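K.L.:
Chains as they are written, first to last, in the working numbering: chain A, -16 to 95; chain B, 4 to 118.
FYI, nobody ran anything at the bench for these hints, they're computed from the structure.
None of the values given here were measured: they were computed from a predicted structure.
A couple of the hints might just be wrong.
To be verified - Below 30 Å or equal to it, Euclidean Cα-Cα: the simulated DSSO-like pairs (lysine-lysine) are:
#1 A:Lys52 to B:Lys39
#2 B:Lys21 to A:Lys52
#3 A:Lys(-14) to B:Lys22
#4 B:Lys39 to B:Lys21
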Amino acid sequence: LAKTTQPISMDSYEGQEVNITCSHNNIATNDYITWYQQFPSQGPRFIIQGYKTKVTNEVASLFIPADRKSSTLSLPRVSLSDTAVYYCLVARGSGGYNKLIFGAGTRLAVHP
Amino acid sequence: ETGVTQTPRHLVMGMTNKKSLKCEQHLGHNAMYWYKQSAKKPLELMFVYNFKEQTENNSVPSRFSPECPNSSHLFLHLHTLQPEDSALYLCASSQGLAGNTGELFFGEGSRLTVL
Chain A
-16 LAKTTQPISM DSYEGQEVNI TCSHNNIATN DYITWYQQFP SQGPRFIIQG
34 YKTKVTNEVA SLFIPADRKS STLSLPRVSL SDTAVYYCLV ARGSGGYNKL
84 IFGAGTRLAV HP
Chain B
4 ETGVTQTPRH LVMGMTNKKS LKCEQHLGHN AMYWYKQSAK KPLELMFVYN
54 FKEQTENNSV PSRFSPECPN SSHLFLHLHT LQPEDSALYL CASSQGLAGN
104 TGELFFGEGS RLTVL
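Turn these sequences into a full structure, and let the hints steer you where they fit.
P.N.:
Here it is as structure tokens:
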């Protein structure tokens, strides 16, 4: 499965847009890109998943360029409650076995 | 509330004790997982079950013994643990094993301390 690389930490302020980029140079044709959020002492929570171009839901947007070697999670107008660790994962799609491997993630701190 | 319930939430045990962690999912999923999260470390995948059959054992020591009696329940039996096994143990479930079927649903975790 493709290895992912993302920044260890980021800082932002309330009301700003935050973009977290993840690189996955060895992504395969059948792989999907998924992002999770984790608060301290809780299990990760699914945020968004995409294959290519742009996906948007009520929480975030996910931008994936044509070569799919990277992806960017965009959080609009963050608040203090968005302080968490964000994980980018690459998961094998239909027809393949999936082993969801979490990396170190990006620790986002939102300041007042 | 994610539909995945883990008990107990906190457990303290000695190295010679035998204890079990329990996970139950109410989502109708067929795949269940155990992950371990040590302090300041990424989540480590331990075991994967699909339709009650173990499909992945990620080189986990035998002092951790999983059991999946049905698609809704998953146990992790603990025996002769070491202090370095102290961690947050997370259970998750998913509809299928394929990455495009959506998300993993995680429980709140069981915080284990081995003395």
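K.L.:
CA of Lys52 of chain A to CA of Lys39 of chain B, is that 30 Å or under?
P.N.:
28 Å, holds
K.L.:
Given the hint that Lys21 of chain B pairs with Lys52 of chain A, test it: the Cα-Cα distance must not exceed 30 Å.
P.N.:
46 Å, violated
K.L.:
Regarding the pair Lys39 of chain B and Lys21 of chain B, is the alpha-carbon distance no greater than 30 Å?
P.N.:
18 Å, holds
K.L.:
Given the proposed pairing of Lys(-14) of chain A with Lys22 of chain B, does the C-alpha separation stay at or below 30 Å?
P.N.:
35 Å, violated
Figure legend: structure checked against the earlier numbered hints; hints not met, in rising order: 2 and 3.
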